[in-house]
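*Asks:* Line by line, the protein sequences give chains A and B. Once you know that position 28 of the first sequence is 28 in my numbering, the rest is easy, because the numbers rise by one and skip nothing. Once you know that position 304 of the second sequence is 304 in my numbering, the rest is easy, because the numbers rise by one and skip nothing.
There may be inaccurate statements among the hints.
What the hints assert, rightly or not - Some chain B residues well away from chain A (every beta-carbon gap over 10 Å; in silico):
#1 A20
#2 T23
#3 F64
#4 G154
#5 S157
#6 A298
#7 L308
Stated by the list, open to error - Okay, the calculated bits of chain A under chain B, using three or more residues with CB under 8 Å as the criterion:
#8 72-80
#9 180-190
Bear in mind the hints are in silico, worked out from the structure with no lab data behind them. Keep in mind that this is a model prediction, so the values were computed, not measured. By construction, the Cβ of each residue, glycine as well, lies at the ideal position given by its N, Cα and C atoms.
2 protein chains.
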Amino acid sequence: MRLATLRDGSPDGRLLVVSADGTRAIDARAAASSLRAALDDWERTAPSLTQLGVELDKGSPAAFELDIGQLAAPLPRAAEWVDGSAYLNHVRLVRRARNAPPPATLESDPLVYQGGASDMLGSRESFRLVDPAYGLDFEAELAVVLGNTPQGTGADSAAEHVRLLVCLNDWTYRNLVPDELAKGFGFFCSKPATGFAPFAVTPDELGAAWRDGRLDGTMHVALDSVRVGDPRTGPEMHFSFFQLIEHICKTRRFGAGTIVGSGTISNAAVERGISCLQERRALETIVGGAPQTPFLRAGSRVRIEFTLPDGRAPFGAIEQEVTVA
Amino acid sequence: MRLATLRDGSPDGRLLVVSADGTRAIDARAAASSLRAALDDWERTAPSLTQLGVELDKGSPAAFELDIGQLAAPLPRAAEWVDGSAYLNHVRLVRRARNAPPPATLESDPLVYQGGASDMLGSRESFRLVDPAYGLDFEAELAVVLGNTPQGTGADSAAEHVRLLVCLNDWTYRNLVPDELAKGFGFFCSKPATGFAPFAVTPDELGAAWRDGRLDGTMHVALDSVRVGDPRTGPEMHFSFFQLIEHICKTRRFGAGTIVGSGTISNAAVERGISCLQERRALETIVGGAPQTPFLRAGSRVRIEFTLPDGRAPFGAIEQEVTVA
Numbered sequence: 001m002r003l004a005t006l007r008d009g010s011p012d013g014r015l016l017v018v019s020a021d022g023t024r025a026i027d028a029r030a031a032a033s034s035l036r037a038a039l040d041d042w043e044r045t046a047p048s049l050t051q052l053g054v055e056l057d058k059g060s061p062a063a064f065e066l067d068i069g070q071l072a073a074p075l076p077r078a079a080e081w082v083d084g085s086a087y088l089n090h091v092r093l094v095r096r097a098r099n100a101p102p103p104a105t106l107e108s109d110p111l112v113y114q115g116g117a118s119d120m121l122g123s124r125e126s127f128r129l130v131d132p133a134y135g136l137d138f139e140a141e142l143a144v145v146l147g148n149t150p151q152g153t154g155a156d157s158a159a160e161h162v163r164l165l166v167c168l169n170d171w172t173y174r175n176l177v178p179d180e181l182a183k184g185f186g187f188f189c190s191k192p193a194t195g196f197a198p199f200a201v202t203p204d205e206l207g208a209a210w211r212d213g214r215l216d217g218t219m220h221v222a223l224d225s226v227r228v229g230d231p232r233t234g235p236e237m238h239f240s241f242f243q244l245i246e247h248i249c250k251t252r253r254f255g256a257g258t259i260v261g262s263g264t265i266s267n268a269a270v271e272r273g274i275s276c277l278q279e280r281r282a283l284e285t286i287v288g289g290a291p292q293t294p295f296l297r298a299g300s301r302v303r304i305e306f307t308l309p310d311g312r313a314p315f316g317a318i319e320q321e322v323t324v325a
Numbered sequence: 001m002r003l004a005t006l007r008d009g010s011p012d013g014r015l016l017v018v019s020a021d022g023t024r025a026i027d028a029r030a031a032a033s034s035l036r037a038a039l040d041d042w043e044r045t046a047p048s049l050t051q052l053g054v055e056l057d058k059g060s061p062a063a064f065e066l067d068i069g070q071l072a073a074p075l076p077r078a079a080e081w082v083d084g085s086a087y088l089n090h091v092r093l094v095r096r097a098r099n100a101p102p103p104a105t106l107e108s109d110p111l112v113y114q115g116g117a118s119d120m121l122g123s124r125e126s127f128r129l130v131d132p133a134y135g136l137d138f139e140a141e142l143a144v145v146l147g148n149t150p151q152g153t154g155a156d157s158a159a160e161h162v163r164l165l166v167c168l169n170d171w172t173y174r175n176l177v178p179d180e181l182a183k184g185f186g187f188f189c190s191k192p193a194t195g196f197a198p199f200a201v202t203p204d205e206l207g208a209a210w211r212d213g214r215l216d217g218t219m220h221v222a223l224d225s226v227r228v229g230d231p232r233t234g235p236e237m238h239f240s241f242f243q244l245i246e247h248i249c250k251t252r253r254f255g256a257g258t259i260v261g262s263g264t265i266s267n268a269a270v271e272r273g274i275s276c277l278q279e280r281r282a283l284e285t286i287v288g289g290a291p292q293t294p295f296l297r298a299g300s301r302v303r304i305e306f307t308l309p310d311g312r313a314p315f316g317a318i319e320q321e322v323t324v325a
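Bound conformation, chain A alone (with noise of 0.2 Å):
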């Protein structure tokens, strides 16, 4: 099942079941008047929106030919925002940067910073900079959308937790992130609105690809239509989905529409590219003794696209022109 939220001037939006092209989609008012909302009463939704998606399959006179630049993020308010760094190889690369030695305990403690989840963007919107000092950024990443979630869930039963998997480019203010890290308490700033692609999908939609927690397949990231970089998702993500879901209940349970992210994709091998500047800055760094690559301006066009190693792309590209404030 694939899910999009068109823009409705409501704050969540309405929901809609789209076609495995993409292109055509059904109101899904009867199910659910948002995601959110299905979100929260998902064992009774999900029924309906499979319904939904057999009736538009089978050509009903309800469905409609799908306008991406209508869409809002599939969750325009997410209940949480959490975002993980399970790739290691970014974590290793960026502190090697600035001479810093990685973590202690970067394999066994996941790294996972709270995010702000009243605001995010779709596929199409526009990222309005602030400043161009602040050193804007993108971030290539999967992530996972929760229903309810009790406190003490083990990476073994993270599974039945996960309703939905979303694609999404986690803005980054990188010229905000040293300062506000060394006062002890966390990105704030330096982390605006996140962009996300248009569909957010079931498990099932993704195959085998979608397996222990990590979904296998390739990012696609260009910039002003150049690809940057195209590493692999799978393999090299340290903590999987479950085990980030267990490190975040460690403490706490998480509401339906929790987004758990993965942080950016990252592969060791150089020829797989980027998929934020600050690794490629990083790697000028290393090599050259300062970054080359400046940060993204009024203008800049970022593009980010999910494939399964089928070809397909479930939840469609996200294409974001950054422009002034």
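Let chain A serve as the given structure and place chain B on it in line with the hints.
*Replies:* Just chain B now, with coordinates in the frame of chain A:
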């Protein structure tokens, strides 16, 4: 206007308008299905809620006796939970105890962290202690609840986005803090679910005590029925709520129902006591080389109540007991 949320089995609960003495209430579903929904459309719902308050005062037959034990947090699921640390005495004291200098920008750049917003506890809900070794502590705080607040909102226009004020207990697992902060991504497992006083109140209920983005009064804190502190809340709040709002809006906007906290109330005068055990432990460390006061255990009872200079307690009391998870 004083509002509360009745537990009714739904995730957001049912909105009530509460009498000035906190003993009676009237169902507000005619105005909004929940406080969350009311905040989404405040311009329309606030007059209806005010009207319900008038009917309540007139002795409406629809009013009923309020059972505080049946109340959830005013917002059982908030849009975001952003917590500051605006009482600098707290920061200085805690850092001094571990021989760490306060951050260089302590007085000019607010400390804030992003908290988890999908699981807020009611004033009488027990706190389930996962592990006594985690070092459970309370923190008595005030907070504002925002309406939709645009990116770039300045301190001078922040007041128009403040819909409500609330009082809370920012439960913290102290022994998880050092390792989490050392990883650089801020608090996560060290900040479990937050507890809230029963009533959310509009700024006009607070009279002259609410001024320039600070609420002046006394925070009465007791542990196991013994007074541990009664710090004054106004004068030593270095950054006002308006300044905290300006800070967080630097790079993004916030959805209606975002809660922004003051951080632990703390006074430089030692005789005002504490509103978190960490401060007493810091003082013990400074004086005697090591902390003496133990953290909380199953059976510990925390009571937090804010009073205005005229003696009224607009938010009602938090009375939470620690139980085994």
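*Asks:* Compare the structure with each hint and give your call.
*Replies:* Now for the hints, and whether the structure bears them out:
no.	hint	in the structure
1	A20	32 Å, holds
2	T23	31 Å, holds
3	F64	27 Å, holds
4	G154	13 Å, holds
5	S157	17 Å, holds
6	A298	16 Å, holds
7	L308	30 Å, holds
8	72-80	holds (count 3)
9	180-190	holds (count 10)
The structure fails none of the hints (numbered hints given earlier).
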